[in-house]
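Undergrad: Residues per chain are reported as follows:
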Amino acid sequence: GEDVEQSLFLSVREGDSSVINCTYTDSSSTYLYWYKQEPGAGLQLLTYIFSNMDMKQDQRLTVLLNKKDKHLSLRIADTQTGDSAIYFCAESIEDSSYKLIFGSGTRLLVRP
Amino acid sequence: NAGVTQTPKFQVLKTGQSMTLQCAQDMNHNSMYWYRQDPGMGLRLIYYSASEGTTDKGEVPNGYNVSRLNKREFSLRLESAAPSQTSVYFCASSVDETTLEGYTFGSGTRLTVV
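As you go down the protein sequences, you meet chains A and B in turn.
Taking the working numbering, I'd label the letters of the first sequence as residues 1 to 112.
Taking the working numbering, I'd label the letters of the second sequence as residues 1001 to 1114.
Fair warning: there could be bad hints in the mix.
[Unchecked claim] Mimicking DMTMM-like on lysine to aspartate or glutamate, the simulated pairs with C-alpha atoms at most 20 angstroms apart in a straight line are:
| id | chain 1 | residue 1 | chain 2 | residue 2 |
| --- | --- | --- | --- | --- |
| 1 | A | Lys36 | B | Glu1052 |
| 2 | A | Lys70 | A | Asp26 |
| 3 | B | Lys1009 | A | Asp16 |
| 4 | B | Lys1057 | A | Asp3 |
| 5 | B | Lys1071 | B | Asp1056 |
| 6 | B | Lys1071 | B | Glu1052 |
| 7 | B | Lys1071 | B | Asp1038 |
| 8 | B | Lys1057 | B | Asp1026 |
| 9 | B | Lys1014 | B | Asp1026 |
| 10 | A | Lys67 | A | Asp26 |
| 11 | A | Lys36 | B | Asp1038 |
| 12 | A | Lys56 | B | Glu1079 |
Simulated from the structure, these hints should not be mistaken for lab results.
Just so it is clear, the structure is predicted and the values come from calculations on it, not from any experiment.
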C-alpha cells in the first residue's frame, strides 16, 4: 500500500543544519516532493526530486534520495527562525491517475 | 496575485447542517483537488478532478460531494455535517495530473462541527 512516514517534531538552534527525514513504501514513485506549511497558510512547494536522482541542491536546501531504502531527506543549512514551519514529504504515485500521497508532516522549531 | 482562492476561511456548523466550500484558481490549471488535514495525519485526498467535467474519489470521500463547475472552480459539499468532519480543508490545483511541479494550494478553510 501507499504510505509516507515522517517524524513529528524537530528542534534545532538557529544557524545549525536541520535534517528532516521521510520514508515511503511505494517503489513506483516517480517524483518526491518537500512542501512547507507556515502557520495559518497552505502548503508551499519547496523542492522536488526525480526518483532516478540521488541528490538535488537548491541554495540552502539539499535533498537526498536513497531509492534502495526508500528514504528521502531534506537538509536545511544555516537554519533561520523563518524556517520554523511544518514540512511535508510527498510522493507521486503512478496509478490510474497521478496523485500525491503526503506524510503527516514534521514540525520544525528553530530556537534563537 | 494568481493562485488558489478558498472561501470561507473559517466556519462553524451544527451537526446535520450542510454547506459548500468554494475553491477557484486563475492559473488555467486542468486538475483540482480537495484535501483534509488532521493533526498527526497529514493531508488526505477527499476528491479530485483531473480535468473539467470529471471527478473521482480519493482516499476519504464518504460524507462529501464535489462539483467541477467549470475549469476554474471546484466546490466541496457537506450534505449533513458530522463532528468527525471537523478539520482544515485545502483545495489545490495543478497544470495536469502528471505535473512534476506539484500542486498550488489555497490557504485553507478551518471547519468546526459542533
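Undergrad: Confirm or reject each hint.
TA: Comparing the hints with the structure gives:
Restraint check for A:Lys36 and B:Glu1052: not satisfied, since their Cα atoms lie roughly 28 angstroms apart, outside the 20 angstroms limit. Annotation: proposed proximity of A:Lys70 to A:Asp26 holds, straight-line Cα distance about 8 angstroms (limit 20 angstroms). Annotation: proposed proximity of B:Lys1009 to A:Asp16 is violated, straight-line Cα distance about 35 angstroms (limit 20 angstroms). For the proposed pair B:Lys1057 and A:Asp3, the alpha carbon gap of about 18 angstroms is at most 20 angstroms, so the pair holds.
Between B:Lys1071 and B:Asp1056 the alpha-carbon distance is near 15 angstroms, which keeps this suggested pair within the 20 angstroms criterion. The straight-line distance between the Cα atoms of B:Lys1071 and B:Glu1052 is roughly 5 angstroms, inside the 20 angstroms bound, and the hint therefore holds. Among the hinted pairs, B:Lys1071 with B:Asp1038 is inconsistent with the structure: their alpha-carbon atoms are about 28 angstroms apart, more than 20 angstroms. Between the alpha carbons of B:Lys1057 and B:Asp1026 the distance comes to roughly 24 angstroms, so the proposed pair goes past 20 angstroms and is violated.
Taken as a hint, the B:Lys1014 and B:Asp1026 pair is broken in the structure, with Cα atoms around 32 angstroms apart against an allowance of 20 angstroms. Between A:Lys67 and A:Asp26 the CA atoms are separated by roughly 10 angstroms; this keeps the pair inside 20 angstroms, and the hint holds. Between the alpha carbons of A:Lys36 and B:Asp1038 the distance comes to roughly 16 angstroms, so the proposed pair stays at or under 20 angstroms and holds. For a cut-off of 20 angstroms, the pair hint linking A:Lys56 to B:Glu1079 is broken: about 45 angstroms separates their Cα positions.
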